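> What follows is the residue order along each chain.
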Amino acid sequence: AQKITQTQPGMFVQEKEAVTLDCTYDTSDPSYGLFWYKQPSSGEMIFLIYQGSYDQQNATEGRYSLNFQKARKSANLVISASQLGDSAMYFCAMREGLTGNTPLVFGKGTRLSVIA
Amino acid sequence: EAGVTQFPSHSVIEKGQTVTLRCDPISGHDNLYWYRRVMGKEIKFLLHFVKESKQDESGMPNNRFLAERTGGTYSTLKVQPAELEDSGVYFCASSPTLPEAPVNSPLHFGNGTRLTVT
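Chains as they are written, first to last, in my numbering: chain P, 1 to 116; chain L, 1 to 118.
Hint data in this document are derived by calculation from the structure and do not stem from the laboratory. Being a predicted model, the structure only gives us computed values, none of them experimental. Check each hint, because a few of them may be wrong.
[Unchecked claim] 27 Å max Cα-Cα, derived DSSO-like pairs, lysine-lysine:
(1) L:41 <-> L:78
(2) P:108 <-> L:41
(3) P:3 <-> L:44
(4) L:44 <-> P:108
(5) P:73 <-> P:3
(6) P:70 <-> L:41
(7) P:3 <-> P:70
(8) L:41 <-> L:54
(9) P:73 <-> L:41
(10) L:54 <-> P:108
(11) P:108 <-> L:78
(12) L:41 <-> P:3
(13) P:108 <-> P:73
Using the sequences and the hints given, assemble the complete structure.
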């Protein structure tokens with residue numbers, strides 16, 4: 001069964017510094033996709049970045065990048081040049097298989113606090 | 001386009017009462033999912049609709065929970081009778097259904113309904 005583990009309940013980072021949020025996953029399916037979502041205090045879930053199991057390169061979206069280490073089954077989110085507005089809950093999620101018509105499985109999340 | 005909307009945003013009810021949560025997905029999205037997050041725990045999958053059909057309801061906790069999606073548009077999630085452990089934030093998400101929807105299709109979430117059972 002697919003499983004997502006986020007071992008950091010909370011993280012602090014100084015403004016303008018980079019931070020890495022950890023995510024490990026477990027699946028027996030060779031085909032899968034990994035997602036990161038941000039949930040600010042307002043409550044909405046914002047999709048940030050995606051990495052496919054067959055992607056050769058790490059995904060990047062602006063200040064977000066994904067450090068994908070397939071052999072270690074890790075998909076850590078790296079936020080560069082942290083901003084105060086990055087303070088939020090961050091969830092890692094996974095979908096098995098080759099189609100998008102299936103649910104995502106989520107981890108417990110990491111609360112990131114950016115300090116001025 | 002309008003996003004996924006959920007109503008109400010908050011609900012406080014007493015144990016034993018009934019509550020109905022509503023979700024309006026993005027127009028044209030046939031996939032509709034319900035999730036729940038209890039404080040400090042993962043966002044847990046409850047069920048998945050494709051149009052009006054229940055594709056997967058393996059995450060529904062018990063028969064006190066009833067989800068419907070008549071007509072394949074909005075969905076409701078009824079909890080009857082509510083118990084203390086039902087407290088949490090209930091999220092709805094939608095995504096388009098394509099014959100070969102790519103695995104990178106993200107889910108579009110609503111802001112959630114915070115349910116408190118006292």
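> Would the hint linking residue 73 of chain P and residue 41 of chain L be met if the CA-CA limit is 27 Å?
Holds, because 21 Å separates the two Cα atoms, which is no more than 27 Å.
> Taking 27 Å as the top limit, are the C-alpha atoms of residue 41 of chain L and residue 3 of chain P close enough?
At roughly 13 Å apart (the allowed maximum being 27 Å), residue 3 of chain P and residue 41 of chain L satisfy the hint.
> Verify the proposed pairing of residue 3 of chain P with residue 44 of chain L, using a straight-line Cα cut of 27 Å.
Holds, at about 11 Å.
> Under the criterion that the straight-line Cα-Cα distance not exceed 27 Å, is the pair residue 73 of chain P, residue 3 of chain P satisfied?
holds (11 Å)
> Are residue 108 of chain P and residue 73 of chain P close enough, with their CA atoms no more than 27 Å apart?
Cα-Cα ~17 Å, so holds.
> Verify the proposed pairing of residue 3 of chain P with residue 70 of chain P, using a straight-line Cα cut of 27 Å.
With Cα atoms ~15 Å apart, residue 3 of chain P and residue 70 of chain P stay inside 27 Å; holds.
> Does the structure keep residue 54 of chain L and residue 108 of chain P at a Cα separation of 27 Å or less?
Distance ~26 Å between residue 54 of chain L and residue 108 of chain P Cα, so the pair holds.
> Given the hint that residue 44 of chain L pairs with residue 108 of chain P, does the C-alpha gap stay at or below 27 Å?
Cα-Cα ~9 Å, so holds.
> Given the hinted pair residue 70 of chain P and residue 41 of chain L, is their alpha-carbon gap at most 27 Å?
Holds. Residue 70 of chain P to residue 41 of chain L sits at ~25 Å (cutoff 27 Å).
> For the pair supplied as a hint, residue 41 of chain L and residue 54 of chain L, is the alpha-carbon distance within the 27 Å limit?
This hinted pair holds, its Cα atoms lying about 25 Å apart.
> Given the proposed pairing of residue 41 of chain L with residue 78 of chain L, does the C-alpha separation stay at or below 27 Å?
Measuring from Cα to Cα gives roughly 22 Å; hence the hint holds.
> Please verify whether residue 108 of chain P and residue 41 of chain L have alpha carbons no more than 27 Å apart.
Distance of about 5 Å is within 27 Å: holds.
Hint compliance for this structure: no hint is broken.
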